[in-house]
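Protein chains in written order, with my numbering: chain A, 3 to 599; chain B, 134 to 324.
No wet-lab data here; the hints were simulated from the structure.
Hints may be right or wrong, so weigh each one.
[As the list claims (entries may be wrong)] Using 25 Å as the maximum straight-line C-alpha spacing, the simulated DSS-like pairs for lysine-lysine come out as follows: (1) K318(B) to K280(A); (2) K318(B) to K267(A); (3) K205(A) to K240(B); (4) K319(B) to K267(A); (5) K282(A) to K319(B); (6) K175(B) to K144(B); (7) K205(A) to K305(B); (8) K205(A) to K304(B); (9) K514(A) to K483(A); (10) K269(A) to K304(B); (11) K540(A) to K365(A); (12) K304(B) to K319(B); (13) K73(A) to K166(B); (14) K308(A) to K319(B); (15) K221(B) to K136(B); (16) K236(A) to K304(B).
All figures in this text were calculated on a predicted structure; none of them were measured in a lab.
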Amino acid sequence: MDLKKLLTPFTAWGNITKDPVTIKDPFNERPGADRYRGFHKNDIDQCIGCGTCEVICENEAIDLVPVSDSKDGDSGLRPMIDYGRCCWCALCVDICTTNSLSLSNEYTWVSTDPEDFRFVPGVDKKDWDNNEKGWKKPDNYEFYSLKRVHMDELSPEERSDSFIEMMKGYSKEQAQQEADRCVQCGICTATCPAHMGIPEYIKAIRNDDLEEGLRILYDTNPLPEICGRICTHKCETVCSMGHKGDPISIRWLKRYIADQNPSEKYKEILEVENLQPKGKKVAIIGSGPSGLSAAHYLALMGYEVKIFEKLEAAGGMMRYGIPEYRLPYDQIDKDIDYILSLGVEIQYNVTIGKDITLDQLGKDYDAVFSGTGLHLGRSTGIPGSDNKHVYASPDLLRWIVEGKEFEVPESVVVIGGGNVAMDITRSMARLQMVKYGKVQVIATALETEENLPADLEEVVEGREEACIINAGWAPVEIEIKDGVPTGLHVVKCNSLFDSEGRFNPQTDPNVKEFWPGTMIIESIGQGMDLSYISEEFKTKLEFGPRGRVQTDEYFQTGVEWFFMGGDIIEGPDVIHGIANGHKAAVGIDIMLNPEKN
Amino acid sequence: MQKGINNLIEKFGASDLEVRRPGLSFITVENTKAVAAITHLKDIDGYTILSLITAVDWIEDGIMQLTYLLNNPEEIAEIGLRVMLERKEEAGESMETIHHLWPNAKKWQQELKEMFGIDFPTSPGLNDPFILEGWDAAPPYRRDFDTNKYAEETFFPRPGRETHDPAEHMKKNMYPNNPSDYTNKKYNPNR
């Protein structure tokens, strides 16, 4: 017997007085390391239920379950984790678009019910919800680019004396790179008034299948060249990517699809070469976005459609209200010509109520849709606003399109801070640049800089073009000398709404300025002109707040055959008009074919 | 520590030295010289402890990287010796065993065989199950292992599980009568 082997086991007794290297479990707590990946935590107020965590989970451990109502920018769903499948890899945390999801460093939890190991973090309260330690996405990497792909544009010097389109459009590489940032959550679709298939057409760009992209666009929007340029892109305001970085350039991607498909191939791509006539006729008043949209979908469903247009070209405010540098006429024509190619007819220079009565249209057609828009400029009513050198922005914008000659003065003041105000401000700046080689336009808005109603890019680009945009000033009086304005007196506007949210500007008369200008342009909103509807006809309609005609879900009025939509009912913007027109087309089909619906 | 590094460079042609911090450096050596270099580090330069052997699958570069972390308790220094193997499509990269230097190396090598599919011929018990009992799929730490596919094929869904697509859920709750559903059905039912 080897004595060493015999004694070796007893050497362990030598450690009896030393501290143990093992832990006295289960009597002591065993906290995870600071960045240990334990049970999930979710800040449910920050989470928008985009489902990106579910998509990336390699183990299908995550389900999205409803916990609250859906609303713009929030599906109302939240991730439920099945810990029978979770492998604690934390990909769900790292991909999270809002940074709401994290892992605590708690990894021990005992329950006798296996169903307890399937719960909604943040909703089903757990002991570790306030545990600060655990895994959070490190700041030094992202699964996707937070910066949107820049679209090339004309420099301020190149565009300041020109109405050439300033945004140059995406190349294929740029579009695919931008499309690659989209996580396909579809949160945007609910907010788009037309509920466009946004993730689907972005996917088509990724797949370089632009014909499929065009088909998806036309499912919900027959004016993609136009909307691809000037849509108010409400979708982008709720884009899940916008929580940590720039939202996806949804509008520019739409434009890319439309730009890349040649108009001569549209009918073949969109499979509309054999539309079946229904033998019924619909009249449409106005060729703006709602009228064109209604015409398009009615034509698809086989209706004979005729549009009655007051002016000599189609497009409504898209042509006569939006400057060419934002929306070139050939792009308007591309969208409209395709709709006309479906058999839609337009009669120009005809005024309903004067050349043909509404009642007559009702007799001659099976249904009538009216989308006559907001063309009347509103006035501030301040002293001096009745001077003949004080203009309404819709009139001037239309004159520019029509080529009508008018005096372009050296100094102009625009009252208003919305997009239309920016349009006329920047248009007048261009005309001044051409005529005088310099710009002197001041736009003045009641709202503060942060609350200007115009899109930020409009304000930024306007300033790049040497326009002065002064926020937070209330117009008081237009000073007139020898029958001509010399400028606008303004006072500081401190707040716009009272404590109950009513429009009630509070001004400080002691802080005042004078903006010099021999032309004053009022651009504080537009009103509707319903003079084409006779007083007798109006008695059959129901009017709501602000004189708007009341319609049902399908934009049908109190007169069965008469539908109304667009800016006179909802909006104002192009995409609401498109959505209204589409829904009215459905309403007309349901009304005319009750037996089939 | 510098002596060990210098020896690796001069005697074994090691390259790509990366000094992570004082007392921890990484360096790359050719696979045919790796075991000799490790032996030298252990027997001559005082790196007597094998801390771990691990692997990284650089699938895009066609490389399977082995890292031997060796510890010198006298100098309180560690060297991570990297060996780049040519990655194979269907696993089976091969490397000489070092279990004759440290008997416990056989367990690291057994794990690497199971999780990455790297072969260490003559390493004892190499093909015995390490933690994946009854595993018949590809080694799961290889980057081309489709975890999701494996989970779908192997595990049954827990009863009562139901998920919701965000866009569909919002449509159902916020705008159930989308006109495009109607018009598509009317004029183009095939879409």
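Structure-based check of all given hints:
1. K318(B) to K280(A): The hint holds at about 16 Å.
2. K318(B) to K267(A): holds (23 Å)
3. K205(A) to K240(B): Violated, at roughly 47 Å.
4. K319(B) to K267(A): holds (23 Å)
5. K282(A) to K319(B): holds (15 Å)
6. K175(B) to K144(B): Holds - the C-alpha atoms of K144(B) and K175(B) are around 15 Å apart, at most 25 Å.
7. K205(A) to K305(B): holds (22 Å)
8. K205(A) to K304(B): This hinted pair holds, its Cα atoms lying about 19 Å apart.
9. K514(A) to K483(A): This hinted pair holds, its Cα atoms lying about 20 Å apart.
10. K269(A) to K304(B): The hint is violated at about 29 Å.
11. K540(A) to K365(A): holds (17 Å)
12. K304(B) to K319(B): Roughly 20 Å separates the two Cα atoms, so the pair holds.
13. K73(A) to K166(B): violated (64 Å)
14. K308(A) to K319(B): With a Cα-Cα distance of about 21 Å, the restraint between K308(A) and K319(B) holds, given a limit of 25 Å.
15. K221(B) to K136(B): Not satisfied, since the Cα-Cα distance of roughly 35 Å exceeds 25 Å.
16. K236(A) to K304(B): Holds, because 17 Å separates the two Cα atoms, which is no more than 25 Å.
This entry does not satisfy hints 3, 10, 13 and 15, going by the numbered hints stated previously.
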